[in-house]
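Start from the sequences, fold in the hints, and give me the full structure.
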Amino acid sequence: LCQNIPITDDDFVWGNPNAKVTIVEIADFECGFCRMLSARLKRVKEKWKDQIRFVFKFYPMDGSCNPRLGGERMHPDGCSAAKAAYCAGKQGLFWEAHDKLFATHKNNQPDKVRGYMKELGVDLAVWDQCLASDAPQARINNDLRIAAAGWVWGTPRMYINGRLVSGSSSESIIDYYIKAALAAP
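In the numbering used here, the protein residues as written are 1 to 185.
Note that these hints are calculated values from the structure, not bench results.
Fair warning: there could be bad hints in the mix.
Stated by the list, open to error - For lysine-lysine, the following BS3-like pairs were computed, each having C-alpha atoms within a straight-line distance of at most 25 Å:
1) Lys42 to Lys20
2) Lys42 to Lys106
3) Lys112 to Lys90
4) Lys45 to Lys179
5) Lys42 to Lys118
Below you can see the structure in the form of C-alpha coordinates.
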(Lines of atoms letter the chains of each structure in order from A; the text may use other names.)
(Lines give C-alpha, C1' and ligand atoms only; values in the text may rest on other atoms or scores of the structure.)
Protein backbone atom coordinates (compact mmCIF):
# COMPACT_ATOMS: atom_id res chain seq x y z
CA LEU A 1 0.00 0.00 0.00
CA CYS A 2 1.46 3.35 -1.04
CA GLN A 3 0.40 6.69 0.35
CA ASN A 4 1.51 10.20 -0.41
CA ILE A 5 2.20 11.58 3.07
CA PRO A 6 2.54 15.37 2.85
CA ILE A 7 5.50 16.85 4.69
CA THR A 8 4.76 20.35 5.98
CA ASP A 9 6.90 23.18 7.32
CA ASP A 10 5.49 22.41 10.79
CA ASP A 11 6.71 18.79 10.76
CA PHE A 12 9.60 17.67 12.90
CA VAL A 13 12.28 16.37 10.56
CA TRP A 14 15.60 14.72 11.36
CA GLY A 15 18.30 14.01 8.83
CA ASN A 16 19.10 15.12 5.34
CA PRO A 17 16.28 17.33 4.00
CA ASN A 18 17.29 16.32 0.44
CA ALA A 19 17.56 12.58 1.10
CA LYS A 20 16.20 10.15 -1.49
CA VAL A 21 14.46 8.20 1.29
CA THR A 22 11.89 9.56 3.72
CA ILE A 23 10.60 7.55 6.66
CA VAL A 24 7.39 8.83 8.22
CA GLU A 25 6.61 7.56 11.72
CA ILE A 26 2.99 7.92 12.87
CA ALA A 27 2.82 7.19 16.57
CA ASP A 28 1.50 7.66 20.09
CA PHE A 29 3.99 8.12 22.93
CA GLU A 30 2.09 5.68 25.20
CA CYS A 31 1.96 2.88 22.62
CA GLY A 32 4.28 -0.02 23.47
CA PHE A 33 4.63 -1.12 19.84
CA CYS A 34 5.39 2.50 18.86
CA ARG A 35 8.12 2.49 21.49
CA MET A 36 9.64 -0.65 19.93
CA LEU A 37 9.49 0.86 16.45
CA SER A 38 11.02 4.10 17.70
CA ALA A 39 13.94 2.22 19.27
CA ARG A 40 14.55 0.41 15.98
CA LEU A 41 14.31 3.64 14.02
CA LYS A 42 16.88 5.24 16.32
CA ARG A 43 19.37 2.52 15.36
CA VAL A 44 18.39 2.92 11.69
CA LYS A 45 19.09 6.67 11.98
CA GLU A 46 22.60 5.94 13.23
CA LYS A 47 23.22 3.40 10.47
CA TRP A 48 21.90 5.37 7.48
CA LYS A 49 22.67 8.93 8.75
CA ASP A 50 22.63 11.37 5.83
CA GLN A 51 20.87 9.06 3.39
CA ILE A 52 17.47 9.32 5.07
CA ARG A 53 15.05 11.93 6.28
CA PHE A 54 12.82 11.04 9.24
CA VAL A 55 9.47 12.72 9.85
CA PHE A 56 7.15 12.33 12.84
CA LYS A 57 3.33 12.57 12.72
CA PHE A 58 1.17 12.58 15.85
CA TYR A 59 -1.62 10.03 16.29
CA PRO A 60 -2.50 9.97 20.01
CA MET A 61 -4.77 7.06 20.88
CA ASP A 62 -6.65 9.29 23.28
CA GLY A 63 -10.17 10.45 22.49
CA SER A 64 -9.69 13.70 24.41
CA CYS A 65 -7.90 15.17 21.37
CA ASN A 66 -8.40 12.49 18.70
CA PRO A 67 -12.08 12.51 17.66
CA ARG A 68 -11.49 9.47 15.44
CA LEU A 69 -11.51 7.37 18.63
CA GLY A 70 -15.05 8.34 19.55
CA GLY A 71 -14.09 9.39 23.07
CA GLU A 72 -12.19 6.19 23.90
CA ARG A 73 -9.05 6.84 25.94
CA MET A 74 -6.85 3.86 25.13
CA HIS A 75 -3.80 5.89 26.12
CA PRO A 76 -5.09 8.51 28.57
CA ASP A 77 -1.95 10.64 28.49
CA GLY A 78 -1.43 10.35 24.75
CA CYS A 79 -2.77 13.82 23.95
CA SER A 80 -0.88 15.63 26.68
CA ALA A 81 2.35 13.83 25.72
CA ALA A 82 1.87 14.76 22.05
CA LYS A 83 1.25 18.39 22.95
CA ALA A 84 4.28 18.39 25.26
CA ALA A 85 6.51 17.05 22.47
CA TYR A 86 5.12 19.57 20.00
CA CYS A 87 5.88 22.47 22.34
CA ALA A 88 9.38 21.11 23.07
CA GLY A 89 9.85 20.88 19.31
CA LYS A 90 9.03 24.54 18.93
CA GLN A 91 12.18 25.11 21.01
CA GLY A 92 14.26 22.79 18.83
CA LEU A 93 14.04 19.85 21.23
CA PHE A 94 11.46 17.63 19.54
CA TRP A 95 13.65 14.57 18.98
CA GLU A 96 14.98 14.74 22.54
CA ALA A 97 11.39 14.92 23.83
CA HIS A 98 10.40 12.12 21.41
CA ASP A 99 13.07 9.80 22.79
CA LYS A 100 12.34 10.71 26.43
CA LEU A 101 8.56 10.25 26.09
CA PHE A 102 9.01 6.83 24.49
CA ALA A 103 11.50 5.86 27.20
CA THR A 104 8.94 6.81 29.87
CA HIS A 105 5.83 5.72 27.93
CA LYS A 106 4.01 4.30 30.96
CA ASN A 107 4.79 7.38 33.07
CA ASN A 108 3.78 10.31 30.89
CA GLN A 109 1.36 12.02 33.24
CA PRO A 110 1.47 15.81 32.75
CA ASP A 111 3.28 16.57 36.04
CA LYS A 112 6.00 14.02 35.24
CA VAL A 113 6.30 15.21 31.64
CA ARG A 114 6.89 18.75 32.88
CA GLY A 115 9.87 17.42 34.87
CA TYR A 116 11.18 15.58 31.81
CA MET A 117 10.97 18.75 29.75
CA LYS A 118 12.90 20.65 32.42
CA GLU A 119 15.59 17.92 32.33
CA LEU A 120 15.86 18.37 28.56
CA GLY A 121 16.46 22.10 28.94
CA VAL A 122 13.08 23.31 27.69
CA ASP A 123 12.27 26.90 28.67
CA LEU A 124 9.21 26.04 30.78
CA ALA A 125 7.66 29.52 30.60
CA VAL A 126 7.68 29.40 26.79
CA TRP A 127 6.58 25.75 26.85
CA ASP A 128 3.63 26.56 29.15
CA GLN A 129 2.59 29.36 26.83
CA CYS A 130 2.71 27.00 23.87
CA LEU A 131 0.66 24.35 25.73
CA ALA A 132 -2.00 26.96 26.55
CA SER A 133 -2.29 27.96 22.87
CA ASP A 134 -4.30 26.30 20.10
CA ALA A 135 -1.13 25.41 18.15
CA PRO A 136 -0.52 21.89 19.56
CA GLN A 137 -4.10 20.76 18.90
CA ALA A 138 -4.04 22.35 15.45
CA ARG A 139 -0.91 20.34 14.62
CA ILE A 140 -2.45 17.13 15.97
CA ASN A 141 -5.61 17.80 13.93
CA ASN A 142 -3.53 18.23 10.78
CA ASP A 143 -1.75 14.94 11.39
CA LEU A 144 -5.10 13.23 12.10
CA ARG A 145 -6.44 14.46 8.73
CA ILE A 146 -3.36 13.06 7.00
CA ALA A 147 -3.78 9.76 8.86
CA ALA A 148 -7.48 9.57 7.93
CA ALA A 149 -6.62 10.04 4.26
CA GLY A 150 -4.26 7.06 4.57
CA TRP A 151 -6.80 4.88 6.40
CA VAL A 152 -4.74 4.92 9.59
CA TRP A 153 -6.80 3.84 12.60
CA GLY A 154 -4.07 2.84 15.01
CA THR A 155 -0.39 2.96 15.77
CA PRO A 156 2.38 2.46 14.92
CA ARG A 157 2.45 3.20 11.21
CA MET A 158 5.57 3.73 9.19
CA TYR A 159 5.92 4.73 5.57
CA ILE A 160 9.17 4.49 3.64
CA ASN A 161 8.90 6.69 0.55
CA GLY A 162 5.14 6.35 0.83
CA ARG A 163 5.12 2.55 1.13
CA LEU A 164 3.41 1.22 4.25
CA VAL A 165 5.66 -0.95 6.37
CA SER A 166 3.22 -2.18 8.99
CA GLY A 167 3.69 -2.83 12.67
CA SER A 168 6.90 -2.43 14.60
CA SER A 169 9.02 -4.08 11.93
CA SER A 170 12.46 -5.50 12.57
CA GLU A 171 15.56 -3.58 11.57
CA SER A 172 16.26 -6.06 8.79
CA ILE A 173 12.84 -5.39 7.25
CA ILE A 174 13.34 -1.63 7.57
CA ASP A 175 16.80 -1.97 5.99
CA TYR A 176 15.30 -3.99 3.13
CA TYR A 177 12.80 -1.24 2.32
CA ILE A 178 15.46 1.46 2.64
CA LYS A 179 17.74 -0.37 0.20
CA ALA A 180 14.84 -0.83 -2.21
CA ALA A 181 13.93 2.86 -1.94
CA LEU A 182 17.55 3.92 -2.51
CA ALA A 183 17.71 1.71 -5.61
CA ALA A 184 14.45 3.13 -7.01
CA PRO A 185 13.43 6.26 -5.07
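Status of the hints after comparison with the structure:
Between Lys42 and Lys20 the alpha-carbon distance is near 18 Å, which keeps this suggested pair within the 25 Å criterion. Under the criterion of a C-alpha separation no larger than 25 Å, the hint pairing Lys42 with Lys106 is consistent with the structure, at around 20 Å. Between Lys112 and Lys90, the direct Cα distance comes to roughly 20 Å. Compliance with the 25 Å bound is thereby established for this hinted pair. Between Lys45 and Lys179 the alpha-carbon distance is near 14 Å, which keeps this suggested pair within the 25 Å criterion.
The hinted pair formed by Lys42 and Lys118 meets the criterion: a straight-line CA distance of about 23 Å does not exceed 25 Å.
Violated hints are absent here; each numbered hint is respected by the structure.
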